[in-house]
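Each chain, letter by letter, is given below.
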Amino acid sequence: MFASTLSSTQSAAKMALPDPLDHLAKRAQLAAVPCAWWSVRGLRERSESLVVRAGVVEPPRGADDFGAMVTVLDQGALGYAATADLSLSGLQRAFVQARALAHATALCNLVPLHAGDLPNAVGQWHGPAAVSPSQLTRRALLDRLRQWDTALASAGPQIVDRRAGVTVTAVTSVLVTAGGGDAQTRYHVVHPQLEAYASDGQTTQRRTHMDTARQAGLELLDELALDLHAERVGREAVRLVGSANCPTGATTLLLASDQMMLQIHESIGHPLELDRILGDERNFAGTSFVVPEMFGSYQYGSELLNISFDPGVPGELASLAVDDFGTVTSRQLVIAGGILLRPLGGQLSQARASLPGVATTRACSWNRPPIDRMSNLNLEPGAATEAELIAGTERGILMHTNLSWSIDDSRNKFQFGCEVGERIENGAIVGWVRNPCYRGISATFWRSLNGVAQALGIHGTPYCGKGEPTQIVRVGHASPMCRFAAVDVFGAQSAAEGTK
Amino acid sequence: MRAIEQFFHHFGKLRVPAAHRASAYLQCEETAFVRWNHAQVRQAGHVDQATCTVELVFGRQHASLEVNLGGDAADDVARLQWAIDTLAETLPDVPDDPHLLLCDGAESQFDLPDLPTDPVDAAIADIARFSQGLDLVGILAQGPIGAAYADSSGVRHAWQRPMSLLDYSVYAHTDKAIKRSLAGPTWQPAQFAAQLTDVRACLPLLFVPPRLLEPDGYRAWLTPAAVEALLEVLSWTGFSTKAHKTRQSHLQRLADGQGILDARVNLVEDTTLGVGPTFGPTGFAKKSVQLWQNGRHIQGLCGPRTAQEYSLVTDGAADSEEPGSLSLRGGALAQADVLARLGTGLWVDNLWYLNFSDRDACRITGMTRFATLWVENGVPVAPVAVMRFDDTLERMFGTALVDLGQNPELCVDALTWKRRATRGARTPGVLLSDWTLTL
Chain H
1 MFASTLSSTQ SAAKMALPDP LDHLAKRAQL AAVPCAWWSV RGLRERSESL VVRAGVVEPP
61 RGADDFGAMV TVLDQGALGY AATADLSLSG LQRAFVQARA LAHATALCNL VPLHAGDLPN
121 AVGQWHGPAA VSPSQLTRRA LLDRLRQWDT ALASAGPQIV DRRAGVTVTA VTSVLVTAGG
181 GDAQTRYHVV HPQLEAYASD GQTTQRRTHM DTARQAGLEL LDELALDLHA ERVGREAVRL
241 VGSANCPTGA TTLLLASDQM MLQIHESIGH PLELDRILGD ERNFAGTSFV VPEMFGSYQY
301 GSELLNISFD PGVPGELASL AVDDFGTVTS RQLVIAGGIL LRPLGGQLSQ ARASLPGVAT
361 TRACSWNRPP IDRMSNLNLE PGAATEAELI AGTERGILMH TNLSWSIDDS RNKFQFGCEV
421 GERIENGAIV GWVRNPCYRG ISATFWRSLN GVAQALGIHG TPYCGKGEPT QIVRVGHASP
481 MCRFAAVDVF GAQSAAEGTK
Chain F
1 MRAIEQFFHH FGKLRVPAAH RASAYLQCEE TAFVRWNHAQ VRQAGHVDQA TCTVELVFGR
61 QHASLEVNLG GDAADDVARL QWAIDTLAET LPDVPDDPHL LLCDGAESQF DLPDLPTDPV
121 DAAIADIARF SQGLDLVGIL AQGPIGAAYA DSSGVRHAWQ RPMSLLDYSV YAHTDKAIKR
181 SLAGPTWQPA QFAAQLTDVR ACLPLLFVPP RLLEPDGYRA WLTPAAVEAL LEVLSWTGFS
241 TKAHKTRQSH LQRLADGQGI LDARVNLVED TTLGVGPTFG PTGFAKKSVQ LWQNGRHIQG
301 LCGPRTAQEY SLVTDGAADS EEPGSLSLRG GALAQADVLA RLGTGLWVDN LWYLNFSDRD
361 ACRITGMTRF ATLWVENGVP VAPVAVMRFD DTLERMFGTA LVDLGQNPEL CVDALTWKRR
421 ATRGARTPGV LLSDWTLTL
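Listed in order, the protein sequences are those of chains H and F.
Letter by letter, the first sequence follows residues 1 to 500 in this note's numbering.
Letter by letter, the second sequence follows residues 1 to 439 in this note's numbering.
One or more hints might be untrue.
[Stated by the list, open to error] Among the chain H residues that face chain F by a calculated CB cut under 7 Å, a handful are:
hint, residue
1, R61
2, D64
3, A81
4, P128
5, S132
6, Q135
7, T204
8, H229
9, R232
10, G279
11, D280
12, C437
Please keep in mind that the hints were generated in silico from the structure rather than gathered at the bench.
Computed from a predicted structure; not experimentally measured.
Ideal Cβ positions, reconstructed from N, Cα and C, are used throughout, including at glycine.
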């Protein structure tokens, strides 16, 4: 990679620059100003994106993004300053700025703190990477993308556009604190993407294989069998064009694991974020229908619903040892047997709400402060096989792969659309439908869960957004196929019908 | 801004390999972010960042590399030179790009107004003092933002703006609130105080028990902020010429001439709005483009790659071909007459979480949010429990359109995903005879 992951066919760059994170802890100690507590969180992300679109190799795009956030506690208030100048003098300036903001806000500070309230964790996280990106040349990877692009097109002339791509990112971070905290993180993220559009001139259908980002090396491309998926994605886009519209009505709904990812994310993950419940997000991402009194007793779903916060799954996208606030993470059940147990809130939010939580306070980058996120949030496997779930369905729709998502600001009323629907009658799949959508209400939807399969699909997306200033972070969701009773499903009107 | 001043100096020092062309695009900000909840400060910080995207071209081979600049001149020149050297070693791996189009010969442009000193401490104190007794939540982003471009052919662009943007809402209870924003080159305490006076007058209505509506069609007034949300979701791929050519646009029916909107609907990508630079990473000048005229599609936005691919002329749009400064022409409905013309129906202050329920038909779904009110005989009587709408563009801006508001408002984008947004839209509200609510 440009910034030291993928190899060039040429010799290594003549001029190597020092890693800006080297000796950051030592410079932080020297730069610190007198204050009650401080932390310095340094982050470097080096990435390269390669794309072949409709037979054309697009120009490679790389990035070498690094910087540090200095946080200072003084006069009971936290102030932060973010800078890409990681020299001693740069950090000194950031310390002064951070302390000045702490002082400027001390008299109107929502969360007064003492140094003893703040963590000083020690830990390490090294993500798996059997095949380091540096072991593969850029040319070899481009050749592979060309093969996928050709396979995407093989379904015929109805394919009107297609895209095969992969982004490889090397992440390193350092978090040091005044009290001896020292957390080191190092991993690669590989995010392959396949996308095909097919059209007959009246309807256009999209088929993708996208939400597959993982902490991994390039072995992921083989593990995910992407050579086979490319041909399938193109073929299925064309099949969708010729499929009937999804029928309308209340029916049994089965969601494949790649749509369960979205369902968990929007209607369990977000409403359980403790900073939402505390009101921090009300101006942008929203509030929550969940209130503090619900924890420990609220029936969130049927007894088949078990949700875990699990930061230790090797390869899952948001695995970590210490969160960006500096708290050591651990696996916790968030919902067990359908009962809501604890919110997704880090150490600071837990203290504000007097509730238990999980260590998941994270920042998207060096230039944003950490807030409560969901990290890896997984639905625990059940006892049935996928075939048994389908065979046990008299009439219903099995939906795959999210296409559209919308939910209210309390994370309750939702409407989601998928790329593919499979119609089930008398326990067997009898055909495909296009434009499948469904809608419901979080507070009741999960209580209709009546089947959970065994086989777990692990998914990840780099696009979870919230916060002010706004932030996008990586999240992981693992889930089996699930089945829900009596859900309102519907399809699109055809383009030919035009308006209402 | 210091980063812009240094940028041109640094670019001039770079050693570009023979027969190669280099360009660099800088985006920078010096921002104080102050986050509020319950009228107190939740988080406060300062972000100083300058990101430079360096591109190197040899023949039709090219690649780009984005690096951070920290402000130390020697370090920054070394980092930019490292980017050039690394790209030079990359190019032999990269095949010729048939869609490459360069801006060589473009006219340089400089838009660098003075940056007034605007310490954030005063704004923090004002917000805390004026909002006492209110449940205010939101974000203040204050400080200069800028962009610059330079290339080997001699093209130079620079743009900077001082900007103070307070995006906030004041809550009555649960999800019932009034949302406002205050944008200007500097912090404006008098305007903020006036806004809060208005908010205090409106808040009591939000304590009335909310009206529960059944899914049905309703007469509705969508405020400019609500219409801006519709324009934003249309912008995803709707106006992209590449999306039109590859039939991915949710405005395909309009682009194909099969769909038509009300003849009073006129939409322009208006680069004179002043919310962002009129150049982008490719160096091309962004031009204003008439997108819809008299309810009909005229043309889409066309970036340089699309122009080269389809033998068109670029308007300087970004590769995404998303608009950044849409302007919807106003209609005949005076603000003072809105409630009377609405009669009985919905006043929709804000929409939220929009997406498509049917892309082919451009059917959009989303939620009402904040102060959505039930109006009877021209008088607001109660807030409305949040409802989902699901309706097509051809109805909302076509058969169901009663009128557009007379006075378009500028809505400045408050988002800050990687950095503060430099986009916005100017739009009136719209009065609809029949707006479909589904859940």
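Results for each hint:
Taking 7 Å as the C-beta contact cut-off toward chain F, the hint placing H/R61 at the interface holds, the least distance being around 5 Å. The beta carbon of H/D64 is positioned within 7 Å of a beta carbon in chain F (closest approach about 5 Å), and the interface hint is therefore held. With a least beta-carbon distance of about 5 Å to chain F, the hint placing H/A81 at the interface is held under the 7 Å criterion. The closest approach between the C-beta of H/P128 and any C-beta of chain F is roughly 27 Å, which is over the 7 Å cut-off, so the hint fails.
Given the 7 Å rule on beta carbons, the hint for H/S132 is violated: about 18 Å separates it from the nearest Cβ of chain F. Checking H/Q135 against chain F: minimum C-beta separation of about 16 Å lies over 7 Å; hint violated. Evaluation of the H/T204 hint against chain F yields a held restraint, the C-beta minimum of about 5 Å falling below 7 Å. This hint is violated: H/H229 has a C-beta 21 Å from the nearest C-beta of chain F, more than the 7 Å allowed.
With its C-beta approaching chain F no nearer than about 20 Å, H/R232 sits outside the 7 Å limit, and its interface hint is violated. Hint status for H/G279 relative to chain F: holds, with the closest Cβ pair at about 5 Å, below 7 Å. For H/D280, the interface hint holds, since its Cβ comes within 7 Å of a Cβ in chain F; the closest pair sits about 5 Å apart. For H/C437, the interface hint holds, since its Cβ comes within 7 Å of a Cβ in chain F; the closest pair sits about 6 Å apart.
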